[in-house]
Amino acid sequence: ILNVEQSPQSLHVQEGDSTNFTCSFPSSNFYALHWYRWETAKSPEALFVMTLNGDEKKKGRISATLNTKEGYSYLYIKGSQPEDSATYLCAFIRGSTLGRLYFGRGTQLTVWP
Amino acid sequence: DAGVTQSPTHLIKTRGQQVTLRCSPKSGHDTVSWYQQALGQGPQFIFQYYEEEERQRGNFPDRFSGHQFPNYSSELNVNALLLGDSALYLCASSFKSGTGAGYTFGSGTRLTVV
Numbered sequence: 001i002l003n004v005e006q007s008p009q010s011l012h013v014q015e016g017d018s019t020n021f022t023c024s025f026p027s028s029n030f031y032a033l034h035w036y037r038w039e040t041a042k043s044p045e046a047l048f049v050m051t052l053n054g055d056e057k058k059k060g061r062i063s064a065t066l067n068t069k070e071g072y073s074y075l076y077i078k079g080s081q082p083e084d085s086a087t088y089l090c091a092f093i094r095g096s097t098l099g100r101l102y103f104g105r106g107t108q109l110t111v112w113p
Numbered sequence: 001d002a003g004v005t006q007s008p009t010h011l012i013k014t015r016g017q018q019v020t021l022r023c024s025p026k027s028g029h030d031t032v033s034w035y036q037q038a039l040g041q042g043p044q045f046i047f048q049y050y051e052e053e054e055r056q057r058g059n060f061p062d063r064f065s066g067h068q069f070p071n072y073s074s075e076l077n078v079n080a081l082l083l084g085d086s087a088l089y090l091c092a093s094s095f096k097s098g099t100g101a102g103y104t105f106g107s108g109t110r111l112t113v114v
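Here the protein sequences line up with chains S and C, keeping their order.
With the working numbering applied, the first sequence covers 1 to 113.
With the working numbering applied, the second sequence covers 1 to 114.
Chain C with its partners taken away, still in its complex shape (with noise of 0.2 Å):
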């Protein structure tokens, strides 16, 4: 049983470019939420998306954006890349708000602007 894919692993791009990470749910999982863990943080919460709308969202600018598409994979779009959104980004997929399972997680995508 495929657990959470992330793509890309690995990604460097310039500062005030933009970039879109991908997300697919472990099989029978309908939420996704995305976390940026930044060098010696814990992963901080971006937003969770859940039937195709955000219904969360943490402390982050406007410039983090997502989607939910229908087979509940997810993408997450950040424009005008600044050297601080360096950081390790993580997926996470539940069955509805996975509190009491447990989240299952992806390996993450390491994005490095410069």
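Here chain S stands alone, though its shape is the one from the complex (with noise of 0.2 Å):
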């Protein structure tokens, strides 16, 4: 069994505030770490692809780093908004099974006016 786990489970933080949460994953035949943003009602969209240990991905507001080694990826959103409310998936890839991503439960980003 391949475990990714995420955390918090869920986050309510006031607009304004940053956050970050944590995606860990197996260290060893580590292939590329995925990072969606899924909205209620809406479909999963693709963030961040990361590959490399040590990679840092920025996309506006929100950003990510991988560390390969140790087997985790933080993803930080500075000045939260309103519209950041949404569900955060980390998927893993493995070496031996390309194509097949496996998720950890998300993390539920509230962002309160």
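Mixed in with the good hints there might be a few duds.
[Claimed, not checked] Taking lysine-lysine pairs in the DSS-like style, the calculated list, with each CA pair at most 30 Å apart, reads: (1) S/K57 / S/K69; (2) S/K42 / S/K78; (3) S/K78 / S/K58; (4) C/K96 / S/K58; (5) C/K26 / C/K13; (6) S/K57 / C/K26; (7) S/K58 / S/K69; (8) C/K13 / S/K42; (9) S/K59 / S/K69; (10) C/K26 / S/K59; (11) C/K26 / S/K58; (12) S/K42 / C/K26.
By construction, these hints were calculated from the structure, which means they are not laboratory data.
Nothing here was measured: the structure is a model prediction, and the numbers come from that model.
Join the two chains, each given in its own frame, into one complex according to the hints.
Now the structure itself:
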């Protein structure tokens, strides 16, 4: 069984707060780590595809880092806005099963005005 | 540019029945994967189709089967439905394995088995 863990399970913050969540995955047989943003009643949207240890990616106020040696990735949101409210999913891809995503359960973020 | 289209959006079936879910991939994509998301869980991989063949399969029973057509669209069939099959079924498309550019997901089909 391949475990991908995300924490916290849910997060409630005020508009303007910065926040971060964690994705833990197996450190062996790593190929890639994906982050997805999923708003209610919509489809998951790819945020980042990360492949190299030490990768840092940024899209607007959202950024992510990757540590493949210890098996974790952080997602940061700077100055949260109500429109950032969504579930953030990470998905691990291992080298022996390319194309198959192993998802965590997600972190549900609610940003209050 | 249309993304991934899934139909129907909602479905209610009775135990023991059979169901077919449909997926049209994003234009330019040739690979389709199916995921099941049960309540409180992350999406679980069912299988992936490429060049009209099942390329990988997750830990799902043979009651779950699929097909990919020459236009890259795909169907997911579930036979002898169980209450536990109630879930959101997501379709994702990509070009080849999709590991480099991420996947494009549909908004899912919500299946309720009663």
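Checked hints:
no., hint, in the structure
1, S/K57 / S/K69, "holds, 18 Å"
2, S/K42 / S/K78, "holds, 23 Å"
3, S/K78 / S/K58, "holds, 11 Å"
4, C/K96 / S/K58, "holds, 25 Å"
5, C/K26 / C/K13, "holds, 28 Å"
6, S/K57 / C/K26, "holds, 25 Å"
7, S/K58 / S/K69, "holds, 21 Å"
8, C/K13 / S/K42, "holds, 23 Å"
9, S/K59 / S/K69, "holds, 24 Å"
10, C/K26 / S/K59, "holds, 23 Å"
11, C/K26 / S/K58, "holds, 25 Å"
12, S/K42 / C/K26, "holds, 16 Å"
Every hint, counting from the list given before, is met by this structure.
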